[in-house]
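2 protein chains.
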Amino acid sequence: MLMQKIRFVLVGTTHPGNIGASARAMKTMGLASLRLVSPKIYPSAEATARASGADDVLALAQVHDSLEDAIKGCRQVYGMSARLRHLPVPVMNPREAVHDLTQYDDDAEIAIVFGREHSGLSNEELDNCHKLINIPANPDYSSLNLAAAVQVMAYELRMSFNPEVHTGRIGEQREAIHAEDLSHLYDHFERSLTAIGFLDPENPRYLMRRIRRLFNRADLDRNELQILHGILRAAETKARTLK
Amino acid sequence: MLMQKIRFVLVGTTHPGNIGASARAMKTMGLASLRLVSPKIYPSAEATARASGADDVLALAQVHDSLEDAIKGCRQVYGMSARLRHLPVPVMNPREAVHDLTQYDDDAEIAIVFGREHSGLSNEELDNCHKLINIPANPDYSSLNLAAAVQVMAYELRMSFNPEVHTGRIGEQREAIHAEDLSHLYDHFERSLTAIGFLDPENPRYLMRRIRRLFNRADLDRNELQILHGILRAAETKARTLK
Numbered sequence: 001m002l003m004q005k006i007r008f009v010l011v012g013t014t015h016p017g018n019i020g021a022s023a024r025a026m027k028t029m030g031l032a033s034l035r036l037v038s039p040k041i042y043p044s045a046e047a048t049a050r051a052s053g054a055d056d057v058l059a060l061a062q063v064h065d066s067l068e069d070a071i072k073g074c075r076q077v078y079g080m081s082a083r084l085r086h087l088p089v090p091v092m093n094p095r096e097a098v099h100d101l102t103q104y105d106d107d108a109e110i111a112i113v114f115g116r117e118h119s120g121l122s123n124e125e126l127d128n129c130h131k132l133i134n135i136p137a138n139p140d141y142s143s144l145n146l147a148a149a150v151q152v153m154a155y156e157l158r159m160s161f162n163p164e165v166h167t168g169r170i171g172e173q174r175e176a177i178h179a180e181d182l183s184h185l186y187d188h189f190e191r192s193l194t195a196i197g198f199l200d201p202e203n204p205r206y207l208m209r210r211i212r213r214l215f216n217r218a219d220l221d222r223n224e225l226q227i228l229h230g231i232l233r234a235a236e237t238k239a240r241t242l243k
Numbered sequence: 001m002l003m004q005k006i007r008f009v010l011v012g013t014t015h016p017g018n019i020g021a022s023a024r025a026m027k028t029m030g031l032a033s034l035r036l037v038s039p040k041i042y043p044s045a046e047a048t049a050r051a052s053g054a055d056d057v058l059a060l061a062q063v064h065d066s067l068e069d070a071i072k073g074c075r076q077v078y079g080m081s082a083r084l085r086h087l088p089v090p091v092m093n094p095r096e097a098v099h100d101l102t103q104y105d106d107d108a109e110i111a112i113v114f115g116r117e118h119s120g121l122s123n124e125e126l127d128n129c130h131k132l133i134n135i136p137a138n139p140d141y142s143s144l145n146l147a148a149a150v151q152v153m154a155y156e157l158r159m160s161f162n163p164e165v166h167t168g169r170i171g172e173q174r175e176a177i178h179a180e181d182l183s184h185l186y187d188h189f190e191r192s193l194t195a196i197g198f199l200d201p202e203n204p205r206y207l208m209r210r211i212r213r214l215f216n217r218a219d220l221d222r223n224e225l226q227i228l229h230g231i232l233r234a235a236e237t238k239a240r241t242l243k
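Respectively, the protein sequence lines represent chains A and B. Note that full-length UniProt numbering has the first sequence beginning at 1, numbered continuously upward. Note that full-length UniProt numbering has the second sequence beginning at 1, numbered continuously upward.
Just chain A, with the same shape it has in the complex (with noise of 0.2 Å):
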């Protein structure tokens, strides 16, 4: 299924201002399709104030007075529930229920819905959700911000459609080096440190052994590898000269 095809519903919604902040974290994460179900107060000022920049996903959003009307077309239906209720419908976490829309086609229209501030989604509300989507959290203190809920939701689908891994390094161009390169920088370090009276010519073992492990550990590049060489250079030049 699709990221465009997913709309997140917001039922009741008492504050203003948390509409605008889901619909900020909604786009920050890029979707785009939100409902509003019977908001307290709506349009308003501080709503497009907290939407900061996501103005776009506010003016397309539809406003319904039903559930049944918001959720029309929809494939699937998942309800957020904040407490686990006493109903024997299926609960995932978050990244589950992410894992379990993977199953819908991509013309499949699917619903999430979020509840009220405080008193969540109403009874008659959850019968019309397919499954629910709790999110786990601190026992003694589980209330979320109903923005902070839209923003974990969005989260976990962009983690699965686009999860950009950049383990490693990224930036500026890093010029590979090889061993023999390390290996000329050792010899380089132990003529250096003797020069400058720090390593014992006798017994450099020990301490060459421990500049050998910081530096393979390093992953150097060669624009470091070549400041180490002039600041071995240098450090030799000096001793040469006091002597």
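Treat the hints as calculated values from the structure; they're not laboratory data. One or more of the hints may lead you astray.
Claimed, not checked - Away from chain A, derived, C-beta distances all over 12 Å, residues of chain B:
| id | residue |
| --- | --- |
| 1 | T48 |
| 2 | V77 |
| 3 | L182 |
| 4 | T194 |
| 5 | Q226 |
| 6 | R233 |
Unchecked claim - Here are some chain B residues pointing at chain A (derived, C-beta under 8 Å):
| id | residue |
| --- | --- |
| 7 | R24 |
| 8 | A25 |
| 9 | K27 |
| 10 | T28 |
| 11 | G30 |
| 12 | G53 |
| 13 | A54 |
| 14 | R95 |
| 15 | P136 |
| 16 | Y141 |
| 17 | L144 |
| 18 | N145 |
| 19 | A148 |
| 20 | V152 |
| 21 | Y155 |
Said to hold, decoys possible - Residues on chain B that point at chain A, a partial pick, calculated with CB under 10 Å:
| id | residue |
| --- | --- |
| 22 | M29 |
| 23 | R50 |
| 24 | N93 |
| 25 | P94 |
| 26 | N138 |
| 27 | S142 |
| 28 | S143 |
| 29 | A147 |
| 30 | V150 |
| 31 | M159 |
Where a beta carbon is used, it is the ideal one built from N, C-alpha and C, also for glycine.
Following the hints, complete the assembly by docking chain B onto the known chain A.
Structure of chain B alone, referenced to chain A:
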């Protein structure tokens, strides 16, 4: 490593409401250690209002003059970065970062550093971070609210420590049924549907196969089984009465 050893450091926060909302986001996920570096306005009634029940986290938050002070004693320092800067530093997404954290001992103190709302962390502050975390976002609009970024990181940490996976059903006790219960049900269907003239007894196979497929999948419990038998019985009785 341990959840209690993770401190969230907010640097140069402009809006006190974001400090309160961050405290709330942390507490919902079971995090309690908050450090503030040179917040613009703090303490503040707005911070307390937005903390909404997480005022204990605010009350315990230490305020520092410099990032160096705030990360003292930390084994590892992760910096949040919205922009993928030209810095040869490892960058990971939140999930990778949480995985990376698991390598540290239980007594290792860890800092996760969040920059200013508009300008993030300065280059000097980034130099204090050993690794960078980037939340995957919409390339056209990647500006997560500060507390939303805190929520995402805190959520990933909780998912790693307490995933609380609830696959399957929860709530009221459901009495399991067995294969023979389903066979009896299908026999009853066949009799009842024949009695009410819905099933052609000469060629019952197609319809019965569909009915079996449906209820095999439906994961019935004993109560639901009894309800279905009740319906079929009622239909039969009615049909016989009409004859």
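Going through the hints against the structure:
{"no.": "1", "hint": "T48", "verdict": "15 Å, holds"}
{"no.": "2", "hint": "V77", "verdict": "17 Å, holds"}
{"no.": "3", "hint": "L182", "verdict": "18 Å, holds"}
{"no.": "4", "hint": "T194", "verdict": "31 Å, holds"}
{"no.": "5", "hint": "Q226", "verdict": "15 Å, holds"}
{"no.": "6", "hint": "R233", "verdict": "23 Å, holds"}
{"no.": "7", "hint": "R24", "verdict": "6 Å, holds"}
{"no.": "8", "hint": "A25", "verdict": "6 Å, holds"}
{"no.": "9", "hint": "K27", "verdict": "5 Å, holds"}
{"no.": "10", "hint": "T28", "verdict": "5 Å, holds"}
{"no.": "11", "hint": "G30", "verdict": "4 Å, holds"}
{"no.": "12", "hint": "G53", "verdict": "6 Å, holds"}
{"no.": "13", "hint": "A54", "verdict": "7 Å, holds"}
{"no.": "14", "hint": "R95", "verdict": "7 Å, holds"}
{"no.": "15", "hint": "P136", "verdict": "4 Å, holds"}
{"no.": "16", "hint": "Y141", "verdict": "5 Å, holds"}
{"no.": "17", "hint": "L144", "verdict": "5 Å, holds"}
{"no.": "18", "hint": "N145", "verdict": "6 Å, holds"}
{"no.": "19", "hint": "A148", "verdict": "4 Å, holds"}
{"no.": "20", "hint": "V152", "verdict": "5 Å, holds"}
{"no.": "21", "hint": "Y155", "verdict": "5 Å, holds"}
{"no.": "22", "hint": "M29", "verdict": "6 Å, holds"}
{"no.": "23", "hint": "R50", "verdict": "8 Å, holds"}
{"no.": "24", "hint": "N93", "verdict": "6 Å, holds"}
{"no.": "25", "hint": "P94", "verdict": "8 Å, holds"}
{"no.": "26", "hint": "N138", "verdict": "4 Å, holds"}
{"no.": "27", "hint": "S142", "verdict": "6 Å, holds"}
{"no.": "28", "hint": "S143", "verdict": "6 Å, holds"}
{"no.": "29", "hint": "A147", "verdict": "7 Å, holds"}
{"no.": "30", "hint": "V150", "verdict": "9 Å, holds"}
{"no.": "31", "hint": "M159", "verdict": "6 Å, holds"}
Every hint from the earlier list agrees with this structure, and none is contradicted.
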